[in-house]
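K.L.:
Protein chains in written order, with numbering that gives the first Met the number 0: chain A, 0 to 258; chain B, 0 to 378.
Each statement offered as a hint is correct.
Straight-line C-alpha distance at most 30 angstroms; calculated DSSO-like pairs for lysine-lysine:
| hint | chain 1 | residue 1 | chain 2 | residue 2 |
| --- | --- | --- | --- | --- |
| 1 | A | 114 | B | 72 |
| 2 | A | 231 | A | 189 |
| 3 | B | 103 | B | 83 |
| 4 | A | 189 | B | 83 |
| 5 | A | 137 | B | 103 |
| 6 | A | 115 | A | 189 |
| 7 | A | 114 | B | 83 |
| 8 | B | 341 | A | 137 |
| 9 | A | 223 | A | 189 |
| 10 | A | 137 | B | 339 |
| 11 | A | 82 | A | 223 |
If you're looking for bench data, these hints aren't it; they were derived computationally from the structure.
Here are the chains, one letter per residue:
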Amino acid sequence: MQTPIIEIKDLVVGFGETIVLDHLNLDVERGKILGVVGGSGCGKSVLMRTILGLIPKRAGTIHFLSEDKKQSTLENHGAIEQKFGVLFQRGALFSSLTVLQNIQFQMREHLDIKKKLMDEMAIAKLELVGLSPNDANKYPSELSGGMTKRVALARALALDPELLFLDEPTSGLDPISAGEFDALIRTLQKSLGLTVFMITHDLESLYEICDCIAVLAEGDVVAKGEIQEILKSDHPWVQSYFAGKRGGYVFNRLNETVE
Amino acid sequence: MSEAQFLSISKKDGETILHLSGEWISNYASTLENETNLCIDKIENIKSTTIAVNTSSLEKLDTYGAWLLERLKRDLTTKGFEVKLGDLSKDDQALFNLINATNKQKPKSAITQSLIRLIAQTKNLSITFGKDLLSFANMLGAITLSLFTIIKNPKSFRLTSSVHQLDKICWQAVPIILLITLLIGGIIAQQGFFHFGKLGAELYVVDMVGILVLREVGILLVAIMVAGRSGSAYTAELGSMKMREEIDALQTMGLNPIDVLILPRILMLIIALPILTFLGSMAALYGGGLVAWIYGGMTPEIFISRLKEAISLTHFQVGMIKAPFMGLVIGLVACTEGLKVKGSAESLGQQTTKSVVKAIFMVIVLDGLFAIFFASIGW
Chain A
0 MQTPIIEIKD LVVGFGETIV LDHLNLDVER GKILGVVGGS GCGKSVLMRT ILGLIPKRAG
60 TIHFLSEDKK QSTLENHGAI EQKFGVLFQR GALFSSLTVL QNIQFQMREH LDIKKKLMDE
120 MAIAKLELVG LSPNDANKYP SELSGGMTKR VALARALALD PELLFLDEPT SGLDPISAGE
180 FDALIRTLQK SLGLTVFMIT HDLESLYEIC DCIAVLAEGD VVAKGEIQEI LKSDHPWVQS
240 YFAGKRGGYV FNRLNETVE
Chain B
0 MSEAQFLSIS KKDGETILHL SGEWISNYAS TLENETNLCI DKIENIKSTT IAVNTSSLEK
60 LDTYGAWLLE RLKRDLTTKG FEVKLGDLSK DDQALFNLIN ATNKQKPKSA ITQSLIRLIA
120 QTKNLSITFG KDLLSFANML GAITLSLFTI IKNPKSFRLT SSVHQLDKIC WQAVPIILLI
180 TLLIGGIIAQ QGFFHFGKLG AELYVVDMVG ILVLREVGIL LVAIMVAGRS GSAYTAELGS
240 MKMREEIDAL QTMGLNPIDV LILPRILMLI IALPILTFLG SMAALYGGGL VAWIYGGMTP
300 EIFISRLKEA ISLTHFQVGM IKAPFMGLVI GLVACTEGLK VKGSAESLGQ QTTKSVVKAI
360 FMVIVLDGLF AIFFASIGW
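Whenever a hint applies, use it, and build me the whole structure from the sequences.
P.N.:
Here's what the structure looks like:
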């Protein structure tokens, strides 16, 4: 068994009186796409933000492991942040920079390379996510929702991170674009050898591209595994999510392919 | 010359072989780029047509390495060599294929020549100036129309919103306006006593303070303060509403944003400015009197009786007549700029700055026009 890339133990996070994550344990396996699902407000985004160090934790440990099992935490990270790529829900592109400058931002900060190579790399990333080089000089306010997501993905991939965090990558996209986006993530994940931590509500994405699914409810992971294993879970939330009207559709499709 | 770490050249049976080795990843991108460039220079002197690339000792490849490899290949191909790339691992090949398809066309570049850019900027600036005047006229028309609909149907006037605006821009501005005008009145009087004293003309300081404050300083100071305080607030408010599509939402509900948001704001500004100007002028006169008493040794009784002789109702009227027009101009500029805000946070900041600068400019221009007008009618 391979070592997980992130190891979360007994994580507690809360705001004031409310405890959002209550002694949560989760391993994120290397080189796989992990889909995190759960009801609205169950703490999926909080979990991601805590891993990224944007929200302080009350107790527990989050370890990042390299392939040689060397442990590190965000507090003594070294170069960890360079290994992260994050796609925020609304893109979070810097509105005063052009698309090209947005993608180059981290290259400028962390790599010592010439402008020519930087331009070429940024254009390459832009084309990887399916945009045209002519979009390079646009500003974020001139982009449509789908383009914003693509540019944000290109920016997240700027430094070839090992670990990609996606917060609802397909929300707000039409089903065709969402499907393309899923395929794109899958291709990039395979060819770049990424580990992807993906928060999603999109049942199609869960079914199409996730290697592993973690279900968050009541502040903890109530089920984790491949989709078939999750479907067997008898947790009431999992049941209503996957066997409900919308989930049932995917469930039926899954059964068809199994047969 | 440093020893090549990632790329070495050898010859075998008249064929040139490039050996790739080590980790071709982003951390070493700078070194990799230098080595590939160096390699191209070296190969130019070699007289062979085919180059084989040996990838057997390549340890790791990411998008940076893949692109540099692809660039090397393209550069050599354009120089007339035939490049044969060795086998890559399955994942690396997939990555290489992805990168292979990129950078085939260059993005359209923006204008770079500085002189042309300067001319283009000047042209754009003059066009913008013309468009600005047009959009102010447009806004003036829109609020006049909106005013007529309200006169026809007074019930549709937004009383609550108006009172709220009046509280914000008039009542809450009173302390700061009083303080600033009081100080400026005092400063004018002090300067008067200091310089007129040399000529023995202390009595005329009162004339100067009275006329200057009532005709010009009171209204100008108040208008500039209001432009900075309330004008910027209007632009920012309307701008953020525009950004979050609130104004579009209003329109789809069948409401005219001019009636709901802009008319109450501009009307209240027209009402607030005379009130603030009156208060400001009084405070400035008070400040002048205070300084005359403490610094110039002139008793309040003398100051007041001299003031009665020096100023007439005309002076007071000149200041007060200007006030509502100043309010209108500030409101027009602030609201027009607010509605011009586009999607980004930067544009909001830009428009707010523009709004304040333009409003202050317009206020001063208007004041100059009024000065010419009053001089020609002999006031």
